[in-house]
Amino acid sequence: MSGNNHQYAFFLGCIAPNRYPGIEAAAIRTSKNVGIDLLPLKGASCCPAPGAFGSIDLNVWYAMAARNVVLAEQMGMDIALVCNGCYKSIWEVNHKLKHNDELRDGVNEVLKEIDMEFKGTVDVWHLAELYYDPEIVGVKKIADSITRPLTGAKIAVHYGCHLMKPGKERHFGDTENPMWIEELVAALGAEPVQYRNKMQCCGAGGGVRGYDLAHALDITNEKMINMQDVGVDAVTEVCPFCQLQFDRGQIEIKEKFGAEYGIPVLHYNELLGLAQGMSPDELALDLHAIDVEPFLKKIL
Amino acid sequence: MAVKKDYKDQNLAEKLRDRKYYAPDSNPEFLKEVENIGQTAAHMCYQCGTCTGSCPSAPRSSYRIRLFMRKAVLGLEEECLTDPDLWLCTTCYSCTDRCPRDLAPTDAIMAMRNLAFKRDIVPRNFLQTVQLIYKSGHGVPNNDANRAARKKLGLEEEPETTHKYPEYLPGIRKILDHYRLKENADRILAEGE
Chain A
249 MSGNNHQYAF FLGCIAPNRY PGIEAAAIRT SKNVGIDLLP LKGASCCPAP GAFGSIDLNV
309 WYAMAARNVV LAEQMGMDIA LVCNGCYKSI WEVNHKLKHN DELRDGVNEV LKEIDMEFKG
369 TVDVWHLAEL YYDPEIVGVK KIADSITRPL TGAKIAVHYG CHLMKPGKER HFGDTENPMW
429 IEELVAALGA EPVQYRNKMQ CCGAGGGVRG YDLAHALDIT NEKMINMQDV GVDAVTEVCP
489 FCQLQFDRGQ IEIKEKFGAE YGIPVLHYNE LLGLAQGMSP DELALDLHAI DVEPFLKKIL
Chain B
82 MAVKKDYKDQ NLAEKLRDRK YYAPDSNPEF LKEVENIGQT AAHMCYQCGT CTGSCPSAPR
142 SSYRIRLFMR KAVLGLEEEC LTDPDLWLCT TCYSCTDRCP RDLAPTDAIM AMRNLAFKRD
202 IVPRNFLQTV QLIYKSGHGV PNNDANRAAR KKLGLEEEPE TTHKYPEYLP GIRKILDHYR
262 LKENADRILA EGE
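Order-wise, the sequence lines are chains A and B. My numbering numbers the first residue of the first sequence as 249 and each following residue consecutively. My numbering numbers the first residue of the second sequence as 82 and each following residue consecutively.
Note that these hints are calculated values from the structure, not bench results. Among the hints, a few may not be true.
Straight-line C-alpha distance at most 25 Å; calculated BS3-like pairs for lysine-lysine [as the list claims (entries may be wrong)]:
(1) A/Lys-280 <-> B/Lys-245
(2) B/Lys-216 <-> A/Lys-290
(3) A/Lys-416 <-> B/Lys-113
(4) A/Lys-344 <-> B/Lys-245
(5) A/Lys-360 <-> A/Lys-346
(6) B/Lys-233 <-> A/Lys-545
(7) A/Lys-360 <-> A/Lys-290
(8) A/Lys-280 <-> B/Lys-232
(9) A/Lys-290 <-> A/Lys-344
(10) A/Lys-290 <-> A/Lys-280
(11) A/Lys-446 <-> A/Lys-502
Pulled a few chain B residues facing chain A out of the computed Cβ check, cut under 8 Å [as the list claims (entries may be wrong)]:
(12) Val-203
(13) Pro-204
(14) Val-211
(15) Gly-218
(16) His-259
Glycine included, C-beta positions come from ideal geometry on N, C-alpha and C.
Next up, chain B with everything else stripped away, as it sits in the complex (with noise of 0.2 Å):
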């Protein structure tokens, strides 16, 4: 799938040829789908490295953000999606400030894992944090010993959330219905069993 990348000048062409980069499984449709999910043009990095400078995954891990930046350029789909280091990112959003060209790398890899988890590739707490959220409203449920303490401040026990409404369960489960994300997150969870 990848596009060759050709000289007019046939002569050129033949001897440039073994200098060309051909990723045998390169799809450019991933750098066009990282760019309208994240919503950034992750093809204008220009590879400072500043990300990685600022990341503060990168020294305690293999994760290399700018790497990330550079793969999502070539189309290496594969090797983003399906490498564990994607999962590593804190949100910080200190590569975004920072990036002399503009670019919101974190939004590229926040791109990356939605593209990831539509091939069923996720880490389980995410998908343990959607079940909590359809059976209560929240990520962080109440509990007893809270409830208590909530007691003695003077708090009513539950929260004027879905905790203290139930009734709001019933809307914030059909959002999540019409994306079928409690059924694949259930359905994912299953088979990792």
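Here chain A stands alone, though its shape is the one from the complex (with noise of 0.2 Å):
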């Protein structure tokens, strides 16, 4: 059955399969109804989180990156993965060690010293943007496999900010506008909605959750804010970080400024999840801090 299926090895970062474990489930059974096998990658690690690694030492982050994509190369195989964060770290480190031998060779020196060689065989990919690719998948391979049209949710879409930015040093065209995920959305019988300032970050990258809570929230706060102000069901997003900070955050916002949003967050496997008839249960949504009830009761 799935002889013709484009084969990725999985690379899970933490967050999802530590956090919100349903994105992991839901991205290998969605992925495989669209043509898409995810494989385990196994003794990867964390990316490492560009934020807290790559702003006390870049080496340590280019290595410890190289290690996960070398673990890919060992496969023979490709990376997809499911978070923004993980994208920046492993899609960027490749690229990087790929177009500079200088760089290359200075990890591959200590990648030495455990037996690895970075070779720069492999492509990294998130899924979004495969199900976005007509040559993978493709917007109506989506649209095709769903049984269970999100009809008459309004979604706003949080693109985040390691996927596609810097734009020059990416592929996916413009970074202030972008409709693309809108698509994705749409495919799934929802209604995706505009909402100020899109494109602004979630708050939580750089290292500045951990550093100034309360800074990171008021930045997420005018997010929901915006996203309030045009009447949405749920917000989805491709990056489990963004998920966490969107989500735990409502609860940490409600307790620090007192404001109330209740806005369910959904990862887009998660949606697609739903829309390819998966249960809720099956989703893990319970684990989610801000309850999802009301966005499935609009839907089921």
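Combine the two chains into a complex, taking the hints into account.
In structure tokens, the structure reads:
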């Protein structure tokens, strides 16, 4: 059945498997339904967190991310992943090492100590871009895989930062007002809605969530206000760290600032899972801090 | 250490002497280091302020990315590295996307953070992440509640990462030890207590 499927080494990262495992379960099942097999990338670690590690010592960041890439090289498979932070580390380090001999030599000197070598033989993809790519999946195939359209649901898209920015080093085109994830949301039968300052950061990145939570939440709060203003039923993203910031962040915002939004936060793969007929239990939606029930009532 | 910018005409030099900017603590090497680590030509910055205007942290703090860019160019190492605002960049890259000089102010900030760390200036949460990864391979490790949830989903309790295959941890520790990262993180955290 899956003989003709595209195969990728599935890089999990931290927050998806260890905080929102529904994203992991959904990614594997929903991808299979559109012709992608996600295979385990055994022994992968944290990407490592680009904000935390990159800020301390970029060389360690390169070497640690390169180790994860080499695991996929050993499988002879491209990497697919579901998190913008992981994308920044894994895609960007892979890209830099492929194009900078000096950097690659330096990293390989360290990897030699653990009998590894970065060869530059694989590519790195975010699942969302594979879904959008008509040569791999494409919006039509996503729409065709739907058994339970999310009719009537108004959904805000949060792109996050590290998938598409900095635009000049990436390949996604416009970073001021992209619409491709909206197309993926519309394919589920939902209504993607525009809101003010859509491309603003969630506030969590760069180590700021750990360094100054109130500051990070204030940025998040601005986004919540802008989404609430246009009356959304949920916000979707393609980054578990943004998800954590919006989901748990709304609880923290209530505690710190007294503001309450109650906007459910769903990773695109969780939305896709619902639209393909997966039950809320199969997606572990009960782990979400913000009750997803009002959204489910609207679509089920 | 500041380089004297001199005019060949001595009379002119005398006349304009007190208009020159001499920062007693300026270190020109600092700019070179920032440009080298950040891989961006910070000295090309013409201070238009598009970066600060695009910055999500600017409206809610005293953090000004434009100011850091200027201070880097002026070699004001001490001011940059000891400013707590240095750690308020969310690395969203909006400034980098919009910079009309095609610079990467975000990466200049990352470079300054790297240089601050060399002097043991670093917020505790960054170091705690290092400790977590050294221990488990994950910055955000698994826990019992999550294991139970994974089981209910039909996933294995431990994901296919270093959690399920701890035999990969020694390799990770070797990389971190190569840069003495864990050792430094432990030491700085202990000194701060």
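Quick rundown of the hints versus the structure:
1. At roughly 23 Å between alpha-carbon atoms, A/Lys-280 and B/Lys-245 fall within 25 Å of each other, so this suggested pair holds.
2. About 18 Å separates the Cα atoms of B/Lys-216 and A/Lys-290, which keeps this hinted pair within 25 Å; it holds.
3. A hinted pair counts as satisfied when its Cα atoms are at most 25 Å apart, and A/Lys-416 with B/Lys-113 qualifies at roughly 23 Å.
4. Using a Cα cut-off of 25 Å, the hinted pair A/Lys-344 and B/Lys-245 is violated, with the two alpha carbons roughly 29 Å apart.
5. A hinted pair counts as satisfied when its Cα atoms are at most 25 Å apart, and A/Lys-360 with A/Lys-346 qualifies at roughly 17 Å.
6. Taking the CA atoms of B/Lys-233 and A/Lys-545, the gap is about 23 Å. The hint holds against a cut of 25 Å.
7. A distance of roughly 20 Å separates the Cα atoms of A/Lys-360 and A/Lys-290; the hinted pair therefore holds under the 25 Å criterion.
8. Taken as a hint, the A/Lys-280 and B/Lys-232 pair is honoured in the structure, with Cα atoms around 20 Å apart against an allowance of 25 Å.
9. Under the criterion of a C-alpha separation no larger than 25 Å, the hint pairing A/Lys-290 with A/Lys-344 is consistent with the structure, at around 24 Å.
10. For a cut-off of 25 Å, the pair hint linking A/Lys-290 to A/Lys-280 stands: about 19 Å separates their Cα positions.
11. This hinted pair checks out: A/Lys-446 and A/Lys-502 have alpha carbons roughly 22 Å apart, not beyond 25 Å.
12. Nearest Cβ of chain A to the Cβ of B/Val-203: about 6 Å, under the 8 Å cut. The hint holds.
13. Annotation: B/Pro-204 was flagged as interfacial toward chain A, and the flag holds, the nearest CB pair being 5 Å apart, inside 8 Å.
14. Because the closest C-beta pair between B/Val-211 and chain A is about 7 Å apart, less than 8 Å, the hint holds.
15. The beta carbon of B/Gly-218 is positioned within 8 Å of a beta carbon in chain A (closest approach about 4 Å), and the interface hint is therefore held.
16. With its C-beta approaching chain A no nearer than about 5 Å, B/His-259 sits inside the 8 Å limit, and its interface hint holds.
In the structure shown, a violation is registered for the earlier hint numbered 4 alone.
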